[in-house]
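Trainee: Given these sequences and hints, build the entire structure.
Protein chains: 2
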Amino acid sequence: MDQISYGQYSLVYNALSFVLAAMGAATIFLFLSRSQVSPKYKAAVTVSGIVTLIAAYHYFRIFNSWDAAYSVANGVVTATGRPFNDAYRYMDWLLTVPLLVTELILVMRLPGNEGSKKASRLALLAAIMVLLGYPGEISHVASTRWLWWCLSMIPFLIIQFELFVGLKSSIAAQPENARGLVSAARYITVVTWLFYPIVFILPMIGMTGASAEVGVQVGYSIADVLAKAAFGVFIYTIALRKSESEGYAEPVLRTAVAR
Amino acid sequence: MDQISYGQYSLVYNALSFVLAAMGAATIFLFLSRSQVSPKYKAAVTVSGIVTLIAAYHYFRIFNSWDAAYSVANGVVTATGRPFNDAYRYMDWLLTVPLLVTELILVMRLPGNEGSKKASRLALLAAIMVLLGYPGEISHVASTRWLWWCLSMIPFLIIQFELFVGLKSSIAAQPENARGLVSAARYITVVTWLFYPIVFILPMIGMTGASAEVGVQVGYSIADVLAKAAFGVFIYTIALRKSESEGYAEPVLRTAVAR
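These protein sequence lines are chains A and B, in that order. If you use numbering that gives the first Met the number 0, the first sequence corresponds to residues 0 to 258, in order. If you use numbering that gives the first Met the number 0, the second sequence corresponds to residues 0 to 258, in order.
Pairs of lysine-lysine residues, derived as DSS-like cross-links and limited to a Cα-Cα distance of at most 27 Å, are as follows:
#1 B/117 <-> B/167
#2 B/116 <-> A/41
#3 A/39 <-> B/39
#4 A/39 <-> A/167
#5 B/39 <-> B/116
#6 B/167 <-> B/116
#7 A/117 <-> A/167
#8 A/41 <-> B/39
#9 B/39 <-> B/167
The hints are simulated quantities; they were obtained by calculation from the structure and are not laboratory data.
Mentor: See below:
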C-alpha cells in the first residue's frame, strides 16, 4: 500500500472507535430494553442485541489491528509491517448478516412455521453471499474482484427480492400502529445493504492505494452502524409498538392494575 | 505545542481520570436504579445510562491517549511524539448529544407521537451541531475556528430555543411534584451546554500553547460531568418522582403491602 497521511490514518482510527462505541451502546440498550416488550417479541430484540455484540467484538479487533499496523511519530505515519486484518469483517458478517435477516422476520411474526422456514432459507443465502464476497475482497486483481462481486450479488438480489416483495403481503397483517414501521424496516434493509456492494467496488472504479483503503474502511463502518445498530433500535421500536397494540404491559404493572 | 509543565500535565491527567470514574459510577447507578421507576420512564433512565457509558468509554480512550502522548521523568514532561487524539470527544458527542436531548424528552412523556417527532428533529440538529464544530476544533487558525463556531451555533441556538421556550407549555402538564424539576432540567441543559462554545473559544481569546490545551481539556471535562453524569441522575430523579405521583411502586413492595 502507498503512503498513508496522518489525516487518512486518523479518519479510519476514529471511525473504527466510533463504531465500537455505537455497537457497544446499542447492545446494552437492547439487552436492557428486552424487559419492555411482550414475550412474543423478546427473541427479535435479543437477536438484535446479539448482532451488535458480535459487531462490537469484531470492531474491537479491527481497531486493535489498525492500531498495530501503523506507528505514528510527530505526525508521520509508518507501516509497522504487521498486517491489518480485514478478514474480521467477513467473520463478523458470516455471523451477523444471517441474524439480521432473522431479527426482521422474528419481529414480523409470520403465521405458523412460515417465519422459521423463511428465516432459515434467507439466513443460508446470506451466509453464501458473505462467503462468495470474500475471495474478491482479498484480491487486488480487478477482474477477480468483479467475478466474486457478481457471484455474491446473486444471493444478495434473491434476499432483497424476498424481503421486499415477498414480505409485502405480510405488512397488511401487522397491527396498524406498527405497519408503517415494518414497511420502513424493509426499505432500511434495502438501502443500508446497498452500501456494501458499492463500497466493495470503490477500488475497482478508480480509487487506489491509501484512498481506496480509507474509503473501504470508512464506508463499511457507516454501513455497519446503520445496518446493525440503528436497525436494531428500529426493530426494538417495532417490537414495543406491537407489544402496546396487543395490550402488553410489563408484568409488574399488570399485577398492580389487577389488584 | 509549547512546553507543558508537570503541574499542567497532571491537572489534565487527573481531570480525565476523575471524569472516567464519575461516568462509570453514573452508568452503574442508572442501570441499577432502572428497576425503581415505572415502565413508562425506564427508557429515559436507560438512555441516561447509555450516555454515561459511551462517555466512560471515550474518557478511557482520551486518558490513555494523553498518557501515551507524554512521558514524565524526574518532574520533567516530554512529548513522546505520539499524537493526543482529541477527536474522541467529537466521536463521543456525535453519539451522546442527540441522546441527551432524547432523554429529556422521554422523561417528559409528551402526548401522542409529539415526543418522538420532537426528539428526532432535535437529535438531528444536535448531530449537525457537533459535526459543524469539528473542522474548527482541529484548526489552529483563529478565523477558521470562528467560522465553524458561528455555523455550529446556529443549530445550538435552535435546540436551546426549542428546549427552553418550546417545552415551556409542556411543563404545566407535568405532575405537580415533578414540575419544578422538569423546569429545572431545561435550565440545567441551557447552562451546562453553554460551557462548550465558551471552552471552544479559549484559544481564540488570548490563551495560547499549553495553557490553551489545558484550559480546553479541563473545561470540556467539567462540562461533560455536569451535562452527562449530573444531568442523568437528575433525569432519574424526575422519573422517580413521576412514577411515585402515578402510584407506581416496585411490584415486590406492593405485594408485601397487599398482604
